[in-house]
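Start from the sequences and build out the full structure, keeping to the hints where you can.
The listed protein sequences correspond, in order, to chains C and D. Just so you know, our numbering puts 508 at position 508 of the first sequence, and the rest follows in order with no gaps. Just so you know, our numbering puts 444 at position 444 of the second sequence, and the rest follows in order with no gaps.
Note that these hints are calculated values from the structure, not bench results. Wrong hints could be hidden among the right ones.
[What the hints assert, rightly or not] Residues of chain C clear of chain D, computed beta-carbon distances all greater than 10 Å:
id, residue
1, Thr95
2, Gly148
3, Glu271
[Stated by the list, open to error] Between beta-carbon pairs, the in silico distance windows are:
id, chain 1, residue 1, chain 2, residue 2, range
4, C, Leu478, D, Glu145, 27 to 37 Å
5, D, Arg515, C, Glu446, 30 to 40 Å
6, C, Ala354, D, Pro352, 13 to 23 Å
7, C, Gly36, D, Asp162, 52 to 62 Å
8, C, His489, D, Glu115, 30 to 40 Å
9, D, Leu196, C, Asp471, 55 to 65 Å
10, C, Asp471, D, Asp335, 43 to 53 Å
[Claimed, not checked] Coverage of chain D stretches by chain C, computed from C-beta distances (three or more under 8 Å per stretch; other residues unrestricted):
id, region
11, 350-357
12, 383-392
None of the values given here were measured: they were computed from a predicted structure. For glycine and all other residues, C-beta sits at the position ideal for the given N, C-alpha and C.
2 protein chains.
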Amino acid sequence: MSRVRIAAAQVDTCVGDLEGNARLVLEWTRRAADAGADLVVFPEMTLTGYPIEDLALRASFRRAAAATLDRLAQDLVAAGLGQVAVLVGSVGERTTAGVQRPTNDAVLLRAGRVESRYSKHHLPNYGVFDEFRIFTSGDDICVVEVAGRRLGVVICEDIWQDGGPVSQMDANDVAALVVLNGSPFEEGKGHVRTELAARRAAEVDAPVVYVNLVGGQDDLVFDGGSFVVDRDGTTLATAPQFVEHLLVWDLADEGEPSLPGPQVPPLGADEETYRAVVLGLAGYVRKNGFRSVVLGVSGGIDSALTAVIAADAIGGENVVGVSMPSSFSSQHSKDDAADLAERIGADYRVQPIAPMVDAFQDQLALEGVAEENLQARVRGVVLMAISNREGHLVIAPGNKSELATGYATIYDAGSIGGFAPLKDVDKSRVWALARWRNDHAVDRGEIPPIPESSITKPPSAELRPGQTDQDSLPPYDLLDEVLDAYVEHAEGRAELLARGYDEAVVDRVLQLVDRAEWKRRQYPLGPKVTALAFGRDRRLPVTSRWREP
Amino acid sequence: MSRVRIAAAQVDTCVGDLEGNARLVLEWTRRAADAGADLVVFPEMTLTGYPIEDLALRASFRRAAAATLDRLAQDLVAAGLGQVAVLVGSVGERTTAGVQRPTNDAVLLRAGRVESRYSKHHLPNYGVFDEFRIFTSGDDICVVEVAGRRLGVVICEDIWQDGGPVSQMDANDVAALVVLNGSPFEEGKGHVRTELAARRAAEVDAPVVYVNLVGGQDDLVFDGGSFVVDRDGTTLATAPQFVEHLLVWDLADEGEPSLPGPQVPPLGADEETYRAVVLGLAGYVRKNGFRSVVLGVSGGIDSALTAVIAADAIGGENVVGVSMPSSFSSQHSKDDAADLAERIGADYRVQPIAPMVDAFQDQLALEGVAEENLQARVRGVVLMAISNREGHLVIAPGNKSELATGYATIYDAGSIGGFAPLKDVDKSRVWALARWRNDHAVDRGEIPPIPESSITKPPSAELRPGQTDQDSLPPYDLLDEVLDAYVEHAEGRAELLARGYDEAVVDRVLQLVDRAEWKRRQYPLGPKVTALAFGRDRRLPVTSRWREP
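In structure tokens:
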């Protein structure tokens, strides 16, 4: 019995990139070995990436994953790493009633072979998760031996449900519980994870090593933030969020007090959300093979913040900002757009839309909302054309309040493209993140990237003279409160009225939200950062006559 | 003991329309009573509509459904229908571990009260179904007594899984098994349902009365086709597909041979799919409060078939067909579009796109694919403008082969709008349905609605001189075979090559399909008619480096 050095390898895998993910395992196992680790633990579904959705149902995919795992075991030995115990996640198979069904597995590789294999018991099938759809549950527990100590192994949801494999670990007398996770970011979730892990640590009377995935995958951002928590709830070690990291921690000798490891200070709420959005965009751009993005910059706060996020994600020199003024665009808006682009070093272009809008109007003579929408859609066509010509990813600056209420023109420059960084950030939060980002620049002695007037002026789509958002919507602070209650907390009209909101405001907001479902279905992907994002987190019919009574 | 008259009320409910659905129950119970029925059985989730998705998770929705059910029980009595046993579906609640969870219930109303309540055991969570996400399972069985006979009651998936409630019915000695269904249409599914029901009839040694929902709901079409099957597999009675209907059938006296009821001849495969698409569109239009649709008509087969489907769904006079010729549009295409519109009595308009395209080109000077896409997107803007001005629903004529391969410009006139009738119909089937529809007209002594040359000419997007689809794609018959194997049957590259397909074709098709996922995510809803439709039936990540080895 002696100390066991455990390395939590918080890596950024890519869905479907079996070879690339196997190379990551090899590379980070080397680092762990260099740090003297006996065991290196990777996140959930390391080899396949996470979540793989219906890829799990393709037999060819499962075969390739199995072959990659076998090759990896050999490659580790060939690289002189055969003596390190390596815990990786991958897709497995289980035959029940003659049918092969996928499993979500943790696999211990050592000395060139698969030494143990564990299949996740609890399959989450709520919120953004569909695991009951694609996986079948395991029912064996898994205890592995490393340097003479017994370590329990479970996967993510296994610790979120009471009962199940963890409840059987205590009787097995484990020295530590190791958890492979693919836990998506949402604001405030860090505390929930720590408290949950602490409860399991108390349950098994041993420290819990929690290893989380990091990186962006479609609408999810995995924030890393791996940690070790002791049986008494003390945090023993923490890894930073939003970056790849190797967290090394020593399991004390039997009977000895737990040993502390490295710790990082927690991030503030705004910084955490900002970094999540940046990582989500960076992951989408890189993993889909893009090098640059293009967006419309209006001088408004949404496009300004989106452009700055893009600059932080992939470098300002890879951001193309296109100002597309109309006759209703104010001079200050045009100035703010140019100012923003200069601050972040973007490729800035000006493309007035009047000639195209006039050509349509000569033919169609639109008025009112139809005319407003026309301007917005002409901008969308311009952006898509630039994207087609030059290969940039189009990003959409629309925010969550807009998406919730449908206060945006479908197929306009705010809602087309491949990725919408602010999709899950409501307008109130857009301002907060903009202020945080500017303050953060000041703290570091840099120029604040967002022009102050983009933050302070009243929001307007500038599609008709003197228009502001508040002509059509309640004030954003009130709107966002009602949206939060109705959308994220699924409160009914009666509950909202009981909380004192004005009846007319409540009815207006609910009507807007219910009617906009069809637009939301066609919106680009964007990173989930709240407890409930639009998309697979909230699945409602488009065709529905339900109106809150 | 005497004959029991059972009426299967195959009605078209609307999701969320609690009051409207309750009125349907009242109205069809009266018809059943007029026909002398002792029991009237409605489809799954009658009061709420089906599927309700995450509406189930809203407490306010469940409360309203419960109140509606109680009112309905009273209203039935007030209407003099208290003596009829009425089996309806609705959402229920079950408290497990202190948490209220929704259930998918069948409820027997009689004499003004809820007499029995059954919660569905087997919750489908595959394909288009997410019931494990929103419901909790029941574990009691349900046998109701009507006119002195014992009838077993189960819901849809309960008969698709072996074991469960049906396996306990035999011991309960039921005289018939009644099944409330919300079974979406897919080609060839009728036989599967009948065989399955026959197996359960043999299992319980009693006839099975299968009552199915009818109508369009977002991407699903419920085809009705209710039926009664005997213990020996004989079909005793059938209702027509795609229309509301009351199927009345008598359960024979105990010990007597089963009685036959009315039967309708089955539809051919093309007619069945055609009618499914028509009903899907009609349901979307009506239930979302539209009265008319607008689409681009190019003279090609996709838009011609889509316009005819729309005319069949809501009347040709409610269809606006907009011809938007460019300099590459052939005269025969323009003639075919005009001819089509005249045949179906559509509101036909011509809007040349050259002035708008030229205005963009003066500014952007696009070439190649970017220039082609520009023309396509200008058409999209024109259609959306007409929709905004006049309130028509925009429908997209894109077909499944196009959606699969991404062979379409995102945000063009083929892929924008609220509903895409041909979304799940591949190009080969588009031609087959067009031919069927024309033949059907001839059979009825009517003018074939689709111009013959739209069917016979080589398909072309006409975005550059002399362009045809086969410049970029394999021949459609080959393409559709490969797509069917890869997409619907999830075969791998190795399986496709082993079946003799050309390697270059296979690699090209797989690459196209994999790359087009992001476009599919932003596509309008369209009716599922095959075993696997794009959308919630096939959930794959956009960000994925998986390539079939």
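Which hints, by number, does the structure contradict?
-> 4
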